[in-house]
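*Asks:* Once you've looked at the hints, dock chain E against the given chain W.
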Amino acid sequence: MIRVENLQKRYDDFEIKNLNFEIQSGEYFVILGPSGAGKTLILEMLARLTKPDSGQISGLDGQKISLIYQDYMLFPHLDVFNNIGYGLKIKKADKEKIEDEVVKMADLVGISHLLHRQVTSLSGGEKQRVAIARALILKPAVLLLDEPTAALDLSTKYKIQRLLIKLHRRYKATFIHVTHDFEEALALGDRIALLIKGRIIQIGQPEKIFSNPKTRAAADFLGYKNVFSGEIKNSKMNVSGAKITTPLKQASSAYIAIRSNDIILSKTRILSSARNCFLGKVIKLIHRPSFIEVLVDIGPVLHVYITYQSYLEMNLTAGDEIWVTFKTISIKVFQH
Amino acid sequence: MKLRIIFSLLGTLLILFILVPIIRILVAVEPADVVSSATQKEVIGSIFLTLRASFWSTLAGIFLGVPLAYFLARAKFFGKKIIEGLIDIPIVIPHTAAGIALLMAWGRHSLFTRLTGINLVGNEASITLAMIFVSVPFLVNSAKEGFKMVDIRYEKTAITLGASPWKAFSTITLPLAKKSIISGSIMMWARGISEFGAVVILAYHPMTAPVLIFERFQNYGLKYALPVAALLIIISLVIFIILRALEDKR
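Taken in sequence, the protein lines are chains W and E. All the letters of the first sequence, read from the start, carry residue numbers 0 to 335 under numbering that gives the first Met the number 0. All the letters of the second sequence, read from the start, carry residue numbers 0 to 249 under numbering that gives the first Met the number 0.
Just chain W, with the same shape it has in the complex (with noise of 0.2 Å):
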């Protein structure tokens, strides 16, 4: 197990703040959070890359951990068989042994053809594998890192996703890894900790996390679109002039966060144990990789998620009544 104790590292212009938060060994454990959060900090002083300013890492004596940076960092002098046998030649194994393994690794990470190329000439995905290859070919009992898809196209990203659940599995490594992406957190991650301005703000499983975010900061970054502040006086928010009913019963001041998931869009009126049904306005519709987003007015404006099977289906458009319905439980209240 890998634990971190009150490490602290201030850098340039952020800072690590009283850093704490358990590992378990073999497990795939995200840091989530926005860029300059200070992840990759925390990445290169697991790595012993870097010496905090306080606190400690306990659990990594003596093991072996790999880091993979964001843009790589293949080699450029060297072509790709020498990149993944770079740890192995400077262990001095024999060359035999050396070209064994490397043709293994880059079987298992599916760049077999690309052996004898010049790092420069891949594209960013291929790049991924090598560096992949060159951290796994040397047993690691720790593989971080850092943004592995953040330069990649969609279906690249994807692809490198399952790459590394598959070497996941298979090398029961514990696995690091950090993203600003929290669709990937959610796909990934055993265990993710949420890490806002140097700080970890939530850790814990990934459902339990996206659905119950602690602080307005957390709901924002994990993709809640609907979020509101104002007074609640007998379980109700007035948002500009749409009453929401909340599951709290009273607050000064308190926001509320709805998921856009959570929401349903009718044509008419659905009679039901939902407490919060609004007749609104479609004013835009956008198409995402996966679902359709649709922007509807009840006052503030709704952000719902719907698939692209139900707009064919509705025939919605720009300037359309409908009807908004959700769950008063579905609501995240944080007060302040």
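Bear in mind the hints are in silico, worked out from the structure with no lab data behind them. Remember, predicted model here, so these are calculated numbers, not experimental data. We put the beta carbon where it would ideally sit given N, CA and C, even for glycine. Treat the hints with care, since some could be wrong.
[As the list claims (entries may be wrong)] With a Cα cut of at most 35 Å, we get these calculated DSBU-like pairs of lysine-lysine:
(1) W/Lys196 - E/Lys147
(2) W/Lys96 - E/Lys248
(3) W/Lys90 - E/Lys178
(4) W/Lys63 - E/Lys155
(5) E/Lys166 - W/Lys50
(6) E/Lys248 - W/Lys196
(7) W/Lys63 - W/Lys207
(8) E/Lys166 - E/Lys178
(9) W/Lys103 - W/Lys213
(10) E/Lys75 - E/Lys40
(11) W/Lys50 - E/Lys178
(12) W/Lys283 - W/Lys242
(13) E/Lys40 - W/Lys50
(14) W/Lys90 - E/Lys177
(15) W/Lys63 - W/Lys88
(16) E/Lys75 - W/Lys91
(17) E/Lys147 - W/Lys91
(18) W/Lys91 - E/Lys177
(19) W/Lys213 - W/Lys232
(20) W/Lys91 - E/Lys155
(21) E/Lys248 - W/Lys91
(22) W/Lys165 - E/Lys178
(23) E/Lys178 - W/Lys94
(24) W/Lys196 - E/Lys79
(25) W/Lys50 - E/Lys80
(26) W/Lys63 - E/Lys166
(27) E/Lys147 - W/Lys63
(28) W/Lys207 - W/Lys16
(29) W/Lys103 - E/Lys177
(30) W/Lys171 - W/Lys158
(31) E/Lys155 - W/Lys90
(32) E/Lys79 - W/Lys156
(33) E/Lys80 - W/Lys103
(34) W/Lys232 - W/Lys266
(35) W/Lys242 - W/Lys232
[Stated by the list, open to error] Derived list of chain W stretches under chain E, where covered just means 3 residues or more per stretch with a C-beta under 8 Å from a C-beta of chain E:
(36) 41–55
(37) 74–82
(38) 85–95
*Replies:* Only chain E this time, still in chain W's reference frame:
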């Protein structure tokens, strides 16, 4: 398009400014005179001495200057700007003044000579010293820029892959900065060959080629200086064209 035309015209002026004197010398000189001076022992001896001393100085520059360049590229410390300014001093001060300063530091009455008994005036070692002093900034600055261009994360990656800091330096950083180091070394060597001011004060004899040209010009006039000057220009040009070509080939 206009911008390019104007800029290329201005560039042409500069190139002509450099080329015309060289062509003038090569045209003015009698080929027979160049051949005959190429067979004079004194001339050949001075040209080889110049090439050799500059080569020694460049080796010393690589041995001491490359580590310094790496240190300056990587380390952050108070007073770094002062050290960087210090490196440039030999470029800034007149080379005759540099020669006098070197004479004070390494001459017959210097502490060094009194303690060791080693004479550093009027021999090949003194020529080498003068050349190091005036030309090492070219190597250090070029190597420093080369090291700066190597992302430190390459070294960190090598270290996480099991390399020691020495191994990371020799297998990653050095090969990646090689071009700048080689190009800086060529510049240093070239600058050493052309050095006159500092060398003439530390060692009038044995005569390097620039001193020999000066001496012939002074004592016998233009006609006698010209063939040697032409010969040195031809040899230098040939060597540097070859070196640059090899450098580009890498």
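*Asks:* Against this structure, judge whether each hint is valid.
*Replies:* Results for each hint:
For the hint linking W/Lys196 to E/Lys147, the alpha-carbon distance of about 30 Å falls within 35 Å, and the restraint holds. A hinted pair counts as satisfied when its Cα atoms are at most 35 Å apart, and W/Lys96 with E/Lys248 qualifies at roughly 33 Å. With a C-alpha separation of about 28 Å, the suggested pairing of W/Lys90 with E/Lys178 holds against the 35 Å cut-off. At roughly 14 Å between alpha-carbon atoms, W/Lys63 and E/Lys155 fall within 35 Å of each other, so this suggested pair holds.
Under the criterion of a C-alpha separation no larger than 35 Å, the hint pairing E/Lys166 with W/Lys50 is consistent with the structure, at around 21 Å. The suggested pairing of E/Lys248 with W/Lys196 is violated, with an alpha-carbon distance near 49 Å, which exceeds 35 Å. In summary, the hint linking W/Lys63 to W/Lys207 is supported, as the alpha carbons are separated by about 32 Å, within the 35 Å threshold. Taken as a hint, the E/Lys166 and E/Lys178 pair is honoured in the structure, with Cα atoms around 19 Å apart against an allowance of 35 Å.
The suggested pairing of W/Lys103 with W/Lys213 is violated, with an alpha-carbon distance near 45 Å, which exceeds 35 Å. In summary, the hint linking E/Lys75 to E/Lys40 is not supported, as the alpha carbons are separated by about 52 Å, beyond the 35 Å threshold. Annotation: proposed proximity of W/Lys50 to E/Lys178 holds, straight-line Cα distance about 32 Å (limit 35 Å). Using a Cα cut-off of 35 Å, the hinted pair W/Lys283 and W/Lys242 holds, with the two alpha carbons roughly 23 Å apart.
At most 35 Å may separate the alpha-carbon atoms for a hinted pair to count; E/Lys40 and W/Lys50 exceed this at roughly 63 Å. For a cut-off of 35 Å, the pair hint linking W/Lys90 to E/Lys177 stands: about 24 Å separates their Cα positions. A threshold of 35 Å between alpha carbons decides the hint, and for W/Lys63 with W/Lys88 the separation of about 16 Å falls inside it, so the pair holds. The straight-line distance between the Cα atoms of E/Lys75 and W/Lys91 is roughly 34 Å, inside the 35 Å bound, and the hint therefore holds.
With a C-alpha separation of about 29 Å, the suggested pairing of E/Lys147 with W/Lys91 holds against the 35 Å cut-off. Between W/Lys91 and E/Lys177 the CA atoms are separated by roughly 24 Å; this keeps the pair inside 35 Å, and the hint holds. Taken as a hint, the W/Lys213 and W/Lys232 pair is honoured in the structure, with Cα atoms around 22 Å apart against an allowance of 35 Å. Restraint check for W/Lys91 and E/Lys155: satisfied, since their Cα atoms lie roughly 19 Å apart, inside the 35 Å limit.
Distance restraint check for E/Lys248 and W/Lys91: the Cα-Cα separation of roughly 31 Å lies within the 35 Å cut-off, and the hinted pair is therefore satisfied. For the hint pairing W/Lys165 with E/Lys178, the CA-to-CA distance comes to about 41 Å; that exceeds 35 Å, so the pair is violated. Restraint check for E/Lys178 and W/Lys94: satisfied, since their Cα atoms lie roughly 29 Å apart, inside the 35 Å limit. Note on W/Lys196 and E/Lys79: the hinted pairing holds, with a Cα-Cα distance of about 32 Å set against a maximum of 35 Å.
Proposed proximity of W/Lys50 and E/Lys80 is supported: the alpha carbons are some 26 Å apart, at most 35 Å. Distance check on the hinted pair: W/Lys63 and E/Lys166 sit about 18 Å apart at the alpha-carbon level, within 35 Å; holds. Of the supplied pair hints, the one linking E/Lys147 and W/Lys63 holds, its CA atoms being roughly 29 Å apart against a limit of 35 Å. Pair hint W/Lys207 plus W/Lys16 holds up; C-alpha atoms about 24 Å apart against a cutoff of 35 Å.
Distance restraint check for W/Lys103 and E/Lys177: the Cα-Cα separation of roughly 32 Å lies within the 35 Å cut-off, and the hinted pair is therefore satisfied. The straight-line distance between the Cα atoms of W/Lys171 and W/Lys158 is roughly 20 Å, inside the 35 Å bound, and the hint therefore holds. For the hint linking E/Lys155 to W/Lys90, the alpha-carbon distance of about 17 Å falls within 35 Å, and the restraint holds. Between E/Lys79 and W/Lys156 the alpha-carbon distance is near 43 Å, which puts this suggested pair outside the 35 Å criterion.
Simply put, E/Lys80 and W/Lys103 have alpha-carbon atoms about 50 Å apart, too far for the 35 Å limit, and the pair is violated. Restraint check for W/Lys232 and W/Lys266: satisfied, since their Cα atoms lie roughly 30 Å apart, inside the 35 Å limit. For the given pair, W/Lys242 sits about 10 Å from W/Lys232 by alpha-carbon distance, which is consistent with the 35 Å threshold. Counting residues of the stretch 41–55 of chain W whose CB lies closer than 8 Å to any CB of chain E gives 3, which reaches the minimum of 3, so the coverage claim holds.
Counting residues of the stretch 74–82 of chain W whose CB falls under 8 Å from any CB of chain E gives 3; the rule of at least 3 is met. Closer than 8 Å: that is the beta-carbon criterion, and the stretch 85–95 of chain W has 4 residues meeting it against chain E, so the requirement of 3 holds.
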